[in-house]
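Using the sequences and the hints, build the whole thing.
Chains as they are written, first to last, in my numbering: chain A, 1 to 295; chain B, 1 to 318; chain C, 1 to 327.
Any given hint could turn out to be false.
Quick list of in silico lysine-lysine cross-link-like pairs, DSSO-like style, CA-CA up to 27 Å [as the list claims (entries may be wrong)]: (1) A:Lys-29 <-> C:Lys-268; (2) C:Lys-204 <-> B:Lys-259; (3) C:Lys-202 <-> B:Lys-259; (4) C:Lys-242 <-> B:Lys-259; (5) B:Lys-283 <-> C:Lys-68; (6) B:Lys-233 <-> C:Lys-268.
Source of the hints: derived by calculation from the structure; they are not laboratory data.
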Amino acid sequence: MLNPSGMAATPGTIKKQNQFSVVLRRLSKNSSAMIGLIVVIILVLMAIFAPLIAPYPYDKQNLLNTRKPPSAEHIMGTDELGRDIFSRIVYGSRYSLSIGFLAVLFSNLIGMTLGALAGYFGGITDDIIMRLIDIIQSIPGILLAIAISVVLGPGFINTLIALGFGAITMACRLMRASVLGIRHQEFLEAAVSNNASTFRIITRHVVPNSFAPVLVGATMSIGNVIMSAAMLSFIGLGIQPPTPEWGAMISGGRALIRSCPWMVTFPGIFIMLTVLAFNMLGDGLRDALDPKLKK
Amino acid sequence: MSALVEVKNLKKYFEVPRGMLHAVDDVSFKIESGQTMGIVGESGCGKSTLGRVIIHLLDSTDGQIFFEGKDITRASRRQLRKLREDMKIIFQDPYASLNPRFTVEQTIMEPLLISGKFSHKASSEEAERLMDMVGIDQRLRLAYPHELDGGRRQRVGIARALALNPKFIVCDEPVSALDVSIQAQVLNLLQDLQDQHQLTYMFVTHDLSVVRHISDHICVMYLGVLVETCESKELFRHPLHPYTQALISAVPTIDIHHKRERVILQGEISSPINPKPGCRFRKRCIYKAPECYQAQELVEILPQHFVACCRAKEINHL
Amino acid sequence: MTANLNSFLEIKDLVVEYTSEGSVIHAVNGVSFSLERGKTFGLVGETGAGKTSIAKAILRILPDPPAKIKNGQIFLEGEDLLKIDEKNMRKIRGRKISMIFQDPMTALNPIMKVGKQIEEVIKLHNTISSKQAREEAGKMLELVGIPGERFNDYPHQFSGGMKQRVIIAMALACNPELLLADEPTTALDVTIQAQVLEMINKLKQELGTSMIMISHNLGVVADICDDLAVVYAGEVVEMGSKAAIFDRAAHPYTTGLFAAVPTLEEEKDRLAPISGLPPDPSNLPLGCHFYPRCPIAGEECKLGKIPLIEIEAGHFCRCIKIAAMES
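Spelled out as structure tokens, the structure:
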């Protein structure tokens, strides 16, 4: 409710206020965002320290001990080849998290660039880029991922491309809308009158002031990508066993869902936790980055 | 004193869905070095567009622009680079005219760094000097725009404009968004800087009191057309164009004992899109006559006092 | 405290605070003034002085949280508006008291036809048929100078000045007894401002509406108001009739404002700005709030709350130095 003219009496020496720490502080006041952040950190630690946490190697088979329910030795039971499910989940986090993160990173960088160019230059550039985006977006996300995956074949990198491709559209639209919002602000004209090159204007003036919605969209789409990866594995594309990707684990256990529910339940729970955590974090980031929102 | 800036028959049209928007239509005037030319008018008169076209933030549609006697209408890239150091602009909105993610120091240093003439260290020192010049406390060097009030933000914008010792500055409503008591501070600052650094200003505003206070000469604009121009004092002594008369009479006065004779204009400001030929002010003018349907020319009615109105002499009994 | 039964509106010791992120913003700090029926009272001050908060407090439309009316009484014809319940307040809003907000661009519903918006207001406060309401709405538009054929146009089809006139038509649709106008012409061009002010003056006379006019523009205030109060840091620092303030301004802030503004009447070589910046309402100085910027301040000005002193009949000034000089 402070009036817009700032009303500050002569302030004390302003220290360099790291924008990052300001955002972090605001984020810390949001309990659901903090829960999301903590869960994400736990998952990341789990992925990094997998060899220390997992009691067994993820591909160690024990054909005498198959389909066993959770017990003291195998706290999440064993799968159809006698492999410890808990260990597979722990190692699986590496694949799920890295696929989620990398696919979103690559698609958002591309999407952001396209969106920034479309928003800043307008005209024909905007038309061409947005029609391309329309074309990509006209194919439903999972079908697109399936189609690309079929064309490229299985494997980590190929799955990455298949999953990330659809997310380019959201990043592009978000960025473009955000850029259009500041396109006519006078500080951009000031930069032109200061002889700033177009490259400098876009990288130092336009992008830093418009990427926030994209960042938020990105954290939220990590959850989506992980789910899509699981879906791809489930239908036999993307990552294949013995790689312990959570979706592949569900896929592998689907025939036994009645008799050995733990084989699909635990990977399912972890997928759900991850998606939820990223969504809560994304929500909180959106609020923390919005300077107009005051608690 | 030769004219520092001159425009001849300058036009700027925009293509809009409904047709052609005549933002600036056949405007000509000169600004002498060290002087302040006030451009006054209401919404849609084209004053802001005019400023931006002169300093090449927008391309002109037709006509000529001269700077220091040279024709700069179509400037090459190299010429443009040099021109942009000599001709600067101060904006109206102190909030939108600063990059929210740049500190005060970064904003002021940017033109210096881009010019290539200053190292990082030298830019920093120069920024310090500029902050002193415009009256910003050094303690605010690392402040972000949202931590400053409107007046201080405007000073940052002024420091930025002065960074490379420009000769000509377009001031686009620089005090309109400020509180009254701060307006005076900034206006005084602009006048002081002009005296100290021999600056030439084109001061764009809708506020007649401000324009009278700060200008040496004034151009009155209406819907893209220059309707009257003369020396500042003269304009208020003898406003000749019916629009100027109405405009001056419309300003609310703080003299409660002498009410100005108000000319209340009827109707609205018409659209600058696809304007019909003839006087643009015709629809609202109480002196409308058949001659007003012809194109109006800027004619010297009194010495050094030009008016674009076919009935100017008649209306003013000259 | 009982109300002065002669006045139409009387505000006594109004205190409004905003709580934001732990700090308390003292927006209004003990404001008192009264308004006679049919007259126009001006509230003059700069951004953040608290003028809009006062108006919104009268209408009880302050957002709560973060705003809170901590103290005060607002008597409308003897009845304390701060004590009545919301149900009765709703009958008063729009009917007895109406408000015009500053920005005409955002005050109208963009997807509803203009005539319908006025019609809605009328129907809300009167039990009449839609047809009658529509007729009344049409009449209001004509009253503010908008041709009847524009009844079914949308807000975006109007210019800023015309939108403001529609808003005024809406505000006057139920013939309120009190009109609160918050900088109604600030966003308008000078010639349009003159039109709108002229129209407001005319309507005031025709309908006998009392008005509180908020403005930072001394010229506009001189045009429309009968009496006025100068507000600074949530307090009335000077109050009196138009003649008293414009001819014999006393408070250093008021005289500072007059000196800082360029006018068409007087030629000033150099403007005399008020030094310093407006105060931080979450951190107001003790004693006189204007002290840090005052050219005549002395040590005694820092101690304790400065009272509002009557320096001549009906002319009040919150300055102990000036009061001392006058006596």
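Hint check:
1. Simply put, Lys-29 (chain A) and Lys-268 (chain C) have alpha-carbon atoms about 53 Å apart, too far for the 27 Å limit, and the pair is violated.
2. The suggested pairing of Lys-204 (chain C) with Lys-259 (chain B) holds, with an alpha-carbon distance near 19 Å, which does not exceed 27 Å.
3. Restraint check for Lys-202 (chain C) and Lys-259 (chain B): satisfied, since their Cα atoms lie roughly 16 Å apart, inside the 27 Å limit.
4. Restraint check: the Cα-Cα separation between Lys-242 (chain C) and Lys-259 (chain B) comes to about 14 Å, which is no more than 27 Å; the hinted pair holds.
5. Between Lys-283 (chain B) and Lys-68 (chain C) the CA atoms are separated by roughly 51 Å; this puts the pair beyond 27 Å, and the hint is violated.
6. For the suggested pair Lys-233 (chain B) and Lys-268 (chain C), the alpha carbons sit about 12 Å apart, so the restraint of at most 27 Å is met.
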